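Asker: Chain by chain, the residues run as shown.
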Amino acid sequence: MSIKGQGYIVGAYEHPTRKAPDKSVAQLHAESAAGALADAGLSKDDVDGYFCGGDAPGLGAINMADYMNLKLRHIDSTDLGGCSYIAHVAHATAAIAAGQCEVALITLAGRPRSEGHSGTKPRPVIANVPDATWEAPFGPVTPGIYAMCAARHMYQFGTTSEQLAWIKVAASHHAQYNPHAMLRDVVTVNDVLQSPIIADPLHRLDCCVVSDGGGALIVTNAGRARELNRPLVKLLGAAETVKGQRAGQLDLTYSGAVWTGPRAFTMAGVTPADIQYASIYDSFTITVLMQLEDLGFCEKGHGGRFVSDGNLISGVGKLPFNTDGGGLCNNHPANRGGITKVIEAVRQLRGEAHPKVQVSNCHLALAHGTGGLLGSRHASATLILERE
Amino acid sequence: MMNERIFPAPPEDPESAAFYAAAKKGRFMIGRCVGTGQYFWYPRAISPFDFGPATLEQASGSGVIYSLSTMRRIDPPYTIAYVTLKEGPTIMTNLVDCDPDSLLIGQDVKLVWKVASDGTPIPCFTPV
Chain A
669 MSIKGQGYIV
679 GAYEHPTRKA
689 PDKSVAQLHA
699 ESAAGALADA
709 GLSKDDVDGY
719 FCGGDAPGLG
729 AINMADYMNL
739 KLRHIDSTDL
749 GGCSYIAHVA
759 HATAAIAAGQ
769 CEVALITLAG
779 RPRSEGHSGT
789 KPRPVIANVP
799 DATWEAPFGP
809 VTPGIYAMCA
819 ARHMYQFGTT
829 SEQLAWIKVA
839 ASHHAQYNPH
849 AMLRDVVTVN
859 DVLQSPIIAD
869 PLHRLDCCVV
879 SDGGGALIVT
889 NAGRARELNR
899 PLVKLLGAAE
909 TVKGQRAGQL
919 DLTYSGAVWT
929 GPRAFTMAGV
939 TPADIQYASI
949 YDSFTITVLM
959 QLEDLGFCEK
969 GHGGRFVSDG
979 NLISGVGKLP
989 FNTDGGGLCN
999 NHPANRGGIT
1009 KVIEAVRQLR
1019 GEAHPKVQVS
1029 NCHLALAHGT
1039 GGLLGSRHAS
1049 ATLILERE
Chain B
90 MMNERIFPAP
100 PEDPESAAFY
110 AAAKKGRFMI
120 GRCVGTGQYF
130 WYPRAISPFD
140 FGPATLEQAS
150 GSGVIYSLST
160 MRRIDPPYTI
170 AYVTLKEGPT
180 IMTNLVDCDP
190 DSLLIGQDVK
200 LVWKVASDGT
210 PIPCFTPV
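So the protein sequences, as listed, match chains A and B. For the numbering used here, count along the first sequence from 1 and bump the result up by 668. For the numbering used here, count along the second sequence from 1 and bump the result up by 89.
One thing to keep in mind: the hints can contain errors.
Said to hold, decoys possible - Below, computed lysine-lysine pairings styled on DSS-like, alpha-carbon distance capped at 30 Å: (1) Lys986/A <-> Lys1024/A; (2) Lys968/A <-> Lys175/B; (3) Lys1024/A <-> Lys687/A; (4) Lys789/A <-> Lys199/B; (5) Lys902/A <-> Lys1024/A; (6) Lys986/A <-> Lys672/A.
Since the hints were made in silico from the structure, they are not lab data. The structure presented is a predicted model; accordingly, all values stated were derived computationally and were not measured.
Start from the sequences and build out the full structure, keeping to the hints where you can.
Answerer: Given below as structure tokens:
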């Protein structure tokens, strides 16, 4: 049984906060859930399936479901890092198709900004992680791991810092219209290149923001979706995978999207050329470039040329991306950008994006994310959505 | 200078004890699958190729830089890298005892032991 067409996103909500020192993480989850239910026109008691990732405080879904006082018959706390919530939409659709639940709630929230996290701080070593004993001495902080992908891409394909900078430029063009975005100033290629180097060859403006916040989604079946007074956004294709170091046969030039992209497109029965809007995980500029290549929007190694000259800017280029400003400018709640990728794709398909960035007659969109660390071990999740 | 950097200690792990014991004698070991003969990194008790037995085997310590990045905003800066060993596997490491600005992907490097904060020798690399 395919999950194609079996799930509809009927509620989507991005918490407006970007700094929330006076709110708890659980509260941000619940406020996001309330927002998504209100958007759908449903109430808390309609929810019978709950999906969350590793940002949910406590023991998987247990503490959050208790906090929100949910009565559930299906629970899934799959943690694939930042792309968990993209995968959750597919998992929810599978559960709905199998009759395990009817109204699925997906939440994400976190406060890395208020809690003083920064990308260059070493991540705490968690007990029994098998790679830690081999890697912790070498300071594998997040920007450094992504920077090694960028350095290798530059070496192998001639990609330049100017080309990577165009990704940030495009995001900033979109963020200027988002009143909630953390960074609303339009930047130039030169601004990116003049910002300090964090981890060669990545500059500060190649990196995403650190923000507090949250988001939530509601997925249901066709029957329930049609009863609601919302545009119909249907799952058309989905896939997920993990890619690691392959026991030492490391290749940093591609991501797990080389596997999820073709599978999601095959399920959907469409091609990259059909996609009118793409939400692409943008923890760093290099993340976007590699994923675009791997998903098939351009040939491997041609990503630099593809993203240049405003090709990702809505109304200017061929592939409008991250029209909310993305993680690079708008929001990266809990250091996990997957849910905001789905939310902006839903806005585009509903025609509810900002008028300055809305893709006209948008009926086919893609949301793709990376979780974990692109250059050491990561998950990839792809979602293709259709406005019915 | 980079060699003043304090390397965090590797967390203790039953699967790395033999590696670090050999390291204390100056021997650099990598994993090898008994069934297929393939080398692998990082070492494991079970072969990542066939789930059969695996051993540790001494490696040459010669390799080339596969990729690298210098952390400019951390004091002191350091250079994280992946080095592809002559035996095949690519491993995460640091490049040390050199000017980070002089380093290039494809450059030949060799093993040099550094000492972590708890005295454990850890395998770093430096230009030949």
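Asker: Please go over all the hints and tell whether each is borne out by the structure.
Answerer: Hint by hint, here is what the structure shows:
no., hint, result
1, Lys986/A <-> Lys1024/A, "holds, 16 Å"
2, Lys968/A <-> Lys175/B, "holds, 27 Å"
3, Lys1024/A <-> Lys687/A, "holds, 26 Å"
4, Lys789/A <-> Lys199/B, "holds, 29 Å"
5, Lys902/A <-> Lys1024/A, "holds, 25 Å"
6, Lys986/A <-> Lys672/A, "holds, 27 Å"
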